Amino acid sequence: MPAVLEPYIYEGGIHKHTLITELLEDLGGYLIQKVPAATEVMLTMLIPRDDVHLIEDLGKKLLGNLTKAPLTGTEIAVVSPTLASHHLPHSACDIAEYLRRDGANTNMIGLARGMGRRVALSADYERKLINEHDLAVFAFGTFSDCIRNKKPKLLEGIRVPKVVTGGPDLKTEDVANADVYVGNIGRVAHRLRRSEELNSLDNMNRKVGEVVERMREEIAKDPLAVLPPRVMKEIHEQIPQIEYVLSPAPITLQLDGLRVKLPYGEFHESIGNLEFDEGIRLSQLSRITPSKMKNYILVKIKRESEVGFVI
Amino acid sequence: MEALETFIVESTVPEEGEAYRSIVSDIISELVLGGAIGRIKVVIRPEDSLFQMAIILRGSQKPVKMSDFAQVGYGAIERNEVKITIDEEKYLPALLEKLWARYGRASIIQPERKTLVIRQNEDPEKEIAFLEDMVIADPKQTLQSRLVEMAIRTTPEGFRVRYHSMKKNYFVFVASEDILKPEWIEEGHRMLAELQEDK
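Chains U and A, in that order, are what the protein sequence lines are.
Residue numbering for the first sequence follows this note's numbering, starting at 1 and increasing by one per position.
Residue numbering for the second sequence follows this note's numbering, starting at 1 and increasing by one per position.
For reference, chain U alone in the conformation it holds in the complex:
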């Protein structure tokens, strides 16, 4: 029975931060992402529940701080109707930034023809791309009439949970096809930094966190054959080329899989041949497909009921 892992973000100085990563490795935790910025570093990690205090103590000694990051290990699509100045950088980027603070990896997706009321629509390719994520957050505008009557058609065909943000204070039932509606985050032309705006962003993170929690419980009923962070660790050890990928998250974790940012044609076989200590190969435990995003590799891990065992 594997230890229960809890997601945390460590923020502190870059000096001696390797002590943390070494301790984490000794404890059997996983480092998900490391973002160095000048003299600071941000480590996103999964720590065994019983050993959190050890990391916390070491972190205190190094004058850094450890905070819980409930969205760690999720890949969220932040969808705005288009990439025009009406939505970017505010509020869509602010939404994405706030989700990242809780540990999520976000991708901004601007639809090609999502603007307007009657003319708004999404393409098949866009829907498939959004469906590759764990969850989609749709950033809509100010008018309740649009959100209620016109925009929900952009949510059609999206099979992952859909969180909708908008200006007016509506109920979730008012927005067809949405799983959760979060109000008070409409179209704005300034950075969201007033306290009431930040409150609504906090509220959004809480609601997204609840959705993710439900999804985790769902997965726990029929667990994954192997934990995605373990696959991530094996890729780092067995495929050295991943070190040359310049993207901030060369391997992006999802709740039920991962996205490997290596070209599919060249690497999908070596990913499939990834061997675990138990002598099992990744191809036996997962479906490896080309991702709709660039030329990346999408790995979706099979469930226990399908494989017959868990490693």
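There may be inaccurate statements among the hints.
To be verified - In silico DSBU-like cross-links for lysine-lysine, where the CA-CA straight-line distance does not exceed 35 angstroms: (1) U:171 <-> U:233; (2) A:126 <-> A:65; (3) U:261 <-> U:153; (4) A:65 <-> U:153; (5) A:41 <-> U:150; (6) A:140 <-> A:167; (7) U:294 <-> U:221; (8) U:302 <-> U:292; (9) U:292 <-> U:34; (10) A:181 <-> U:171; (11) U:300 <-> U:171; (12) A:41 <-> A:90; (13) A:181 <-> U:153; (14) A:168 <-> A:140; (15) U:150 <-> A:181; (16) U:261 <-> U:221; (17) U:171 <-> A:41; (18) U:207 <-> U:171.
Said to hold, decoys possible - If you want a taste of the chain U side facing chain A, the calculated C-beta under 8 angstroms gives, among others: (19) 112; (20) 115; (21) 145; (22) 146; (23) 187; (24) 188.
Note that these hints are calculated values from the structure, not bench results.
Please read these numbers as outputs of a predicted model, since none were measured by experiment.
The C-beta atom is built at its ideal place from N, Cα and C for all residues, glycine as well.
Chain U is already provided as a structure; the job is to place chain A on it using the hints.
Leaving out everything else, chain A in the frame of chain U:
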């Protein structure tokens, strides 16, 4: 007329009009139009996909001539030089562009921050008279282009069918997703008329 003495944004649902007002005011301040707009009224009806805006500008500014911000005089007389002393640096880039076009880059020397010397072969007296009357910047031109930018940015996205009318200081803008109805345009002009009466 004071700057922004009337600033109304109306929508079918009053709270949404209030939210949209914040968008409009952000855009106005981003484009530095606050001082140029006297009165503005915006009406949005999302259920009809309709956006209407009427603006009265405060009296437009005159074109800026060289003599408004600089003194033009003689430099070294034996070499026919003309010397320009500038009071306001904000027009310097535009001024240099014009001078380079006329005399060539090599003939314009800037010995220090606020002084320019022109090396040329014509009669300096005639050149000085010409330069003093030269139009360097036209605020009206840039104001119009900023106003158009503002209209496009404030319109809800996707409202691609547009009507606009700019007469003297009066600006009417109507936009929709569908074919514009004549009564919407009339309504826009009525809004402008109301703004004009409102004293």
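Hints, verified against the model:
| no. | hint | verdict |
| --- | --- | --- |
| 1 | U:171 <-> U:233 | violated, 42 angstroms |
| 2 | A:126 <-> A:65 | holds, 16 angstroms |
| 3 | U:261 <-> U:153 | holds, 31 angstroms |
| 4 | A:65 <-> U:153 | violated, 56 angstroms |
| 5 | A:41 <-> U:150 | holds, 26 angstroms |
| 6 | A:140 <-> A:167 | holds, 13 angstroms |
| 7 | U:294 <-> U:221 | holds, 33 angstroms |
| 8 | U:302 <-> U:292 | holds, 20 angstroms |
| 9 | U:292 <-> U:34 | holds, 25 angstroms |
| 10 | A:181 <-> U:171 | holds, 34 angstroms |
| 11 | U:300 <-> U:171 | holds, 34 angstroms |
| 12 | A:41 <-> A:90 | holds, 32 angstroms |
| 13 | A:181 <-> U:153 | holds, 26 angstroms |
| 14 | A:168 <-> A:140 | holds, 11 angstroms |
| 15 | U:150 <-> A:181 | holds, 21 angstroms |
| 16 | U:261 <-> U:221 | holds, 30 angstroms |
| 17 | U:171 <-> A:41 | holds, 31 angstroms |
| 18 | U:207 <-> U:171 | holds, 13 angstroms |
| 19 | 112 | violated, 12 angstroms |
| 20 | 115 | holds, 3 angstroms |
| 21 | 145 | holds, 4 angstroms |
| 22 | 146 | holds, 6 angstroms |
| 23 | 187 | holds, 6 angstroms |
| 24 | 188 | holds, 7 angstroms |
The structure shown violates the earlier hints numbered 1, 4 and 19.
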